[in-house]
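Read in order, the letters of the sequence shown are residues 1 to 553 in our numbering.
The set of hints was computed from the structure by calculation and includes no laboratory data.
As the structure is a computational prediction, the values presented were derived from the model and not from experiment.
Please note that a few of the clues may not be correct.
As the list claims (entries may be wrong) - Subject to a maximum C-alpha distance of 25 Å in a straight line, what follows is the list of computed BS3-like cross-link-like pairs (lysine-lysine):
no.	residue 1	residue 2
1	294	324
2	515	482
3	214	373
4	532	549
5	201	231
6	415	434
7	373	203
8	505	477
9	203	189
10	233	254
11	203	214
12	467	505
13	95	152
14	189	267
15	324	267
16	549	515
17	467	347
18	88	231
19	173	134
20	64	152
21	2	64
22	486	467
23	415	467
24	515	477
25	201	152
26	95	294
27	153	134
28	347	532
29	2	189
30	415	477
31	189	134
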Amino acid sequence: MKIVVIGSVAAGTSVAAKARRNDETVEIVVYEENQDISYSVCGMPYYLGGEVESIEELIPRNPKWFKDRFEIDIHTNHHVTAIHPLVKEIEIYDKTTENGFRETYDKLVLATGSYSLTPPPFNLNTYENVFHVKSMDNTKAIDQYMHNQEIKKVAIVGSGFIGLEMAEQFTQKGLEVSIVELADQIFPKIDADMSYHLKEKLKENNVQLHLADKVESITGDRKAEQLHTNKGKDIAVDLVILAIGVRPNVFLAKDADIALGDTGAIKVNEHMQTSEEDVYAVGDVAESFNLITKQPSYIPLGSTANKMGRIAGDHLTGGSLSFKGILGTGIFRLFDLTVGFTGLSYKEAQQSGVDPVVIHNIKPAHATYVGGKNLLIKAVADRETGRVLGAQIIGPEGVDKRIDVLATAITFGAKAEDLFHLDLAYAPPFSTTKDPVLYTGMVLENARTGQPVLTPEALVELQENQKVVQVVDVRSKSAYAKNHVKEAVHIPMPDLRKRAAELDKDKLTVVYCNKGVTSNTAQNLLLNIGFKQVYVLSGGNTNYQYYIKSKEN
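Produce the entire structure from the sequences given, and follow the hints as far as they go.
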């Protein structure tokens, strides 16, 4: 049997390696249109920023390595121009010799990846200082340009993973950085109230932000010298990075009438097979599906591509591996913050048809007496079943550990109450006695079963609509004096029992403390003495003040 793979970054090489591990007799041939293979796309910003010293560190494998280790033939600088499933042939153009030829196959794997978007008015052929950060060729070109030119001002269009990583790296390199983002928030993948913290961190590091805006025109002939936005802003630039997203590279598939899915990527089954017999698709070119909703999903990540490749390579050689779907788990660093997310956001949970309950949890990553710093966790569960649906976490430490625990729990269908019962590792340098994950589960379950929470956004909306709300601040006098929720009355927790008569048991009541722990005690007290509706303010006054500031900026 002869397996031909088109593409050799994360997914393609994974297909080839797994197929060879399963079967020593199969012939495996890989065609790659670029010079480099099996490189780290995600590591590119860190090389350009100087955190990674050598570009070779991002290219750990070459064709000779695969030939020596796996007896796999990888042909670089070979562009596949067409595929013909009916006769099981592909057309190839050798960019080195400038000759074309045909190749036969028994099984074909499309690992053609994705391509970066170039929005108007940008044109890579017109402006020599406008770049994508998608391939190793892009990275080399940017690196060479920065060495040959005096670069002081950089504009980044888009604030996804690559955009924010490039902003961090170039800022730390001493450059003046501006971000232009079409959405009204930084990193639109996460909720707006969480995105606020990214915005503040960028401003703290002197990154100029142009949100809900786009570039309308460019001054400059050979080089882009100034960007002019829809809102009338003029941004001087020496270098422009386009990071607004990618699309699946499905051109070969479309020409061969291979079915595409709802997301625009190639539709595949659990073994990565396409609509065409003996043709597979893996990585950024292939459609995935959400593990929770079971709906089609397209979230191109190297980890998913590698997994898809291994599954296809296994199935091609008689194995039984199958794809189980994704949660869309992601993580990145932004200066001294880490941002992690998994599963559904609150809005996505609503759109999926469930009744979601949402909570905010502010807890230290480990014991404060050994330097623990706060994490902000926002989590969502199904109100009816208790199943955990998603989480977003921001903090200076411990985010990776918690988001991976939550992603694992969600993958195996954990309920909110299950989180509390996890037997997680504890020692003061690593956690607290009640780990933030355990506390998240406890608060979610309480909110779902009779001790409800109210988000700052919901409280403000009630007050703006002149709904009757009784807000009680149970913190100290000094904390109340510093700042407090609008229209809140102050009754410290130690006084609440004897002063509860000052409150109306029939009114919708919201209690809060600094972060939500003491207010849970206050909620229990008021419910136990006959108050009808008592909510805890999600994340306490700390989260409320974050929200108010986010609306003011």
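Results of checking the hints against the structure:
1. For a cut-off of 25 Å, the pair hint linking residue 294 to residue 324 stands: about 10 Å separates their Cα positions.
2. Using a Cα cut-off of 25 Å, the hinted pair residue 515 and residue 482 holds, with the two alpha carbons roughly 15 Å apart.
3. Under the criterion of a C-alpha separation no larger than 25 Å, the hint pairing residue 214 with residue 373 is inconsistent with the structure, at around 36 Å.
4. Distance hint between residue 532 and residue 549 is unfulfilled; the C-alpha atoms sit about 31 Å from each other, more than 25 Å.
5. At roughly 23 Å between alpha-carbon atoms, residue 201 and residue 231 fall within 25 Å of each other, so this suggested pair holds.
6. As the CA atoms of residue 415 and residue 434 are separated by approximately 18 Å, the hinted pair is consistent with the 25 Å bound.
7. The suggested pairing of residue 373 with residue 203 holds, with an alpha-carbon distance near 21 Å, which does not exceed 25 Å.
8. In summary, the hint linking residue 505 to residue 477 is supported, as the alpha carbons are separated by about 24 Å, within the 25 Å threshold.
9. A C-alpha spacing of about 20 Å is found between residue 203 and residue 189, which places the hinted pair at or below 25 Å, so the restraint holds.
10. At roughly 40 Å between alpha-carbon atoms, residue 233 and residue 254 are farther apart than 25 Å, so this suggested pair is violated.
11. Among the hinted pairs, residue 203 with residue 214 is consistent with the structure: their alpha-carbon atoms are about 19 Å apart, no more than 25 Å.
12. Of the supplied pair hints, the one linking residue 467 and residue 505 holds, its CA atoms being roughly 16 Å apart against a limit of 25 Å.
13. Pair hint residue 95 plus residue 152 does not hold up; C-alpha atoms about 36 Å apart against a cutoff of 25 Å.
14. For the hint linking residue 189 to residue 267, the alpha-carbon distance of about 23 Å falls within 25 Å, and the restraint holds.
15. Among the hinted pairs, residue 324 with residue 267 is consistent with the structure: their alpha-carbon atoms are about 15 Å apart, no more than 25 Å.
16. Restraint check: the Cα-Cα separation between residue 549 and residue 515 comes to about 17 Å, which is no more than 25 Å; the hinted pair holds.
17. The hinted pair formed by residue 467 and residue 347 meets the criterion: a straight-line CA distance of about 24 Å does not exceed 25 Å.
18. Pair hint residue 88 plus residue 231 does not hold up; C-alpha atoms about 53 Å apart against a cutoff of 25 Å.
19. For a cut-off of 25 Å, the pair hint linking residue 173 to residue 134 stands: about 21 Å separates their Cα positions.
20. For the hint pairing residue 64 with residue 152, the CA-to-CA distance comes to about 40 Å; that exceeds 25 Å, so the pair is violated.
21. The hinted pair formed by residue 2 and residue 64 meets the criterion: a straight-line CA distance of about 20 Å does not exceed 25 Å.
22. Taking the CA atoms of residue 486 and residue 467, the gap is near 13 Å; set against the 25 Å cutoff, the hint holds.
23. Between the alpha carbons of residue 415 and residue 467 the distance comes to roughly 33 Å, so the proposed pair goes past 25 Å and is violated.
24. With a C-alpha separation of about 16 Å, the suggested pair residue 515 and residue 477 falls inside the 25 Å cut-off, and the hint holds.
25. Using a Cα cut-off of 25 Å, the hinted pair residue 201 and residue 152 holds, with the two alpha carbons roughly 21 Å apart.
26. At roughly 42 Å between alpha-carbon atoms, residue 95 and residue 294 are farther apart than 25 Å, so this suggested pair is violated.
27. Between residue 153 and residue 134 the CA atoms are separated by roughly 21 Å; this keeps the pair inside 25 Å, and the hint holds.
28. The hinted pair formed by residue 347 and residue 532 fails the criterion: a straight-line CA distance of about 28 Å is larger than 25 Å.
29. A distance of roughly 41 Å separates the Cα atoms of residue 2 and residue 189; the hinted pair therefore is violated under the 25 Å criterion.
30. Distance hint between residue 415 and residue 477 is unfulfilled; the C-alpha atoms sit about 38 Å from each other, more than 25 Å.
31. Note on residue 189 and residue 134: the hinted pairing holds, with a Cα-Cα distance of about 19 Å set against a maximum of 25 Å.
Comparing the model with each numbered hint stated earlier shows that hints 3, 4, 10, 13, 18, 20, 23, 26, 28, 29 and 30 do not hold.
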